[in-house]
Amino acid sequence: MQNETADFEVTLRPTTGWLQIELAGIWHYRDLLSLLVWRDFVAKYKQTILGPLWFILQPLLMSVVFTAIFGKVANIPTDGLPPLLFYLCGQLGWNYFAQNFGASSATLVNNAGLFSKVYFPRLVVPLATLVSNLLTFFIQAATFTAFYLFYKYGAHQGHFGVTWHLVFLPLLVLQSALLSLGLGLLMSALTAKYRDLVHLTPLLIQLWMYATPVIIPLSQFPPQWRWVVALNPMTSIVESFRLMLLGTGTVAPLYLVFSVTFTLAALAVGLLLFGKVEKTFVDTV
Amino acid sequence: MRPAIEVRNVSKVYQLGAIGATSLKEELARLWDRARGRAEAARQGEFVALRDVSFDVQPGQVIGIIGRNGAGKSTLLKILSRITQQTSGEITIRGRVGSLLEVGTGFHPDLTGRENVFLNGAILGMTKAEIRGKFDEIVAFAEIEQFIDTPVKRYSSGMYVRLAFAVAAHLEPEILILDEVLAVGDQQFQRKCLGKMQEISTGDGRTILFVSHSMAAIRRLCQKCVVLRQGVATQPLDIEPAIELYTENLTESVYDLDVSQFPRSWGAEARVCRMERLRVTSNHFLAFGKPFEIEVHLTCYRPITKGMLGMAFNTVEGTRILTLDSDINDHYFDLQPGKYILRARMENLPLHPGYYNFCVSMGGGGHFYDMLDAALWEVKTSDEDRWSDRGAGGCRIEPELCITAENGTAAYDSRSA
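Read top to bottom, the protein sequences are chains A and B.
Letter by letter, the first sequence follows residues 19 to 303 of the working numbering.
Letter by letter, the second sequence follows residues 998 to 1414 of the working numbering.
The set of hints was computed from the structure by calculation and includes no laboratory data.
Possibly wrong hints are sitting among the right ones.
Okay, derived cross-link-like pairs now, EDC-like style, lysine to aspartate or glutamate, Cα gap no bigger than 20 Å in a straight line [claimed, not checked]:
#	chain 1	residue 1	chain 2	residue 2
1	B	Lys1125	A	Asp58
2	B	Lys1189	B	Asp1201
3	B	Lys1125	B	Glu1169
4	A	Lys297	B	Glu1043
5	B	Lys1221	B	Glu1237
6	B	Lys1131	A	Asp49
7	A	Lys297	B	Glu1087
8	A	Lys62	B	Asp1146
9	B	Lys1150	A	Asp58
10	B	Lys1125	A	Asp301
11	B	Lys1377	B	Glu1344
12	A	Lys64	B	Asp1107
13	B	Lys1221	B	Glu1241
14	A	Lys62	B	Asp1107
15	B	Lys1221	B	Asp1235
16	A	Lys294	B	Glu1087
17	A	Lys64	B	Asp1146
18	B	Lys1377	B	Glu1290
19	A	Lys211	B	Glu1043
20	B	Lys1189	B	Glu1099
21	B	Lys1377	B	Glu1395
22	B	Lys1150	B	Glu1140
Whenever a hint applies, use it, and build me the whole structure from the sequences.
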């Protein structure tokens, strides 16, 4: 450590540049990142009876509700898949994004007290969120796998199954992470200025889910209007999840390219705006 | 040897309009006002917290930073610790910086003492390996060995503060920035902290910047001192000349504050009324057991109905210990737009000698129109007070006391004594 800091020198100037990410700084605080991940995970379920079991129950209960309301009552088709599995898969694709987006958009406001007393690269906090939600994602993926096996080899003997596309799943998860990080940072910067958005974000996420084929598959829309639904960058992510895991999904190259482009643009704008706001945001707390 | 810290022409300007929580509605209202050319909308000033500050700190120096309320000390520390950014100027820092503007930053109530030591240490910039190496030392210093695996929300406030300070005291950056952290814990622990700080500063040639209102601590710890006055800084001076410079016009000025440009933390940017000046007019300024008199110079922009003046003293740690509200017995006042001087008086100031944050607010009909909590004032021991070393804290008021012997005869009655 002594060698590392012997010629450590930093010059502080008012912000003039555009995109500056202190990768070295973030690397130095990697231990903080891992401790924040661990804190998120542990603190959330201390003093709850079911503990981490909530990570399994929450999407499961939602899927049961969806099955009852949208499957049985509204009779919305599920691409020929068992409804419960269909909804679980949709949520697997959606939840990681939604949880990241919700948490990271509150980064500045929720940590105002901390940020006004101590310096560390602010990006460490949303990055820790991405990682701790990834743990949640793995638990949900395990739940999905259990139901998948049950439906595939148990009672139903369904003619669905994973496809070779599955090898791209990590890329898809990465894209979800980057998209939610970009939009979350953007929202966080805006929320620092306009506190009203604190109340708007959860609503936005809720509505956004209904605009994403979590419940109604893209195949249910008339072909000439599908591009409208695909303007939502999450559409092709959720549909790709289904294609990979269950073998049914409406994925077009154009939609994918658009979604990835959108992700990169959102990330750039988010980093840019967050970088601008984080420097002096404590002055307005 | 090159300086550890070079500060060059650093200025910090706060946009007063941007201070305080802005909501979308306020922003729209402001736009609307501006569009209609309202005079009030243009009432957005700038507050210059630091003006062209330049100084050097040599490696291994322990530099004190002193200055009265609103002189820019906290702003300077925040810029040096990268919490906020200067408006102009340049700072070069050679060495890793650890800054301690508060103890216990980032403590999580649900986590145990052990877990919080790691979390807090990492927040302050230590690696897990460094913390592990110092863990036993930290716990021993905090004197909480048997509670280390208890969630900190079950700690007494004393234990909490001791653990928090212990983590911070074992931070080992080359440059350490400290703000008033000595004002924690009971007196015995404060002495221990001061001793630890002295050990840190003399031991291994670390560079330290230390902000304090306690001249005793400054004398004990620092080699040089930067004096800040209204955002302007001196070069590092020798301790005694620096303290002289600081106290020179302290008595006239520190109790007479032009607060019109102070940042507002609350109160909708003081658009209904604004406090312009606070002036303590009692003979002894603030002294235990003496009359307390204060003038508040107020400008009303809009009529106030059912108005009230609220005053309060908080400890440096933020605990409210005395509240003086003018409306306790449903006494209210109405004011038309204009300029006013409010004079408040209290016969015996019951506050124990020490440093307090003074808060003052103007309200009406259940709303706060303007609120200030920027002034840190010292309550002194008055000439007649012989008991102030009897322990710290809070208010000291004589109760009525009656003593009756076992057989029922009156032995003492303070009312007739």
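- request: Hints the structure violates: just list their numbers, smallest first.
  value: 10
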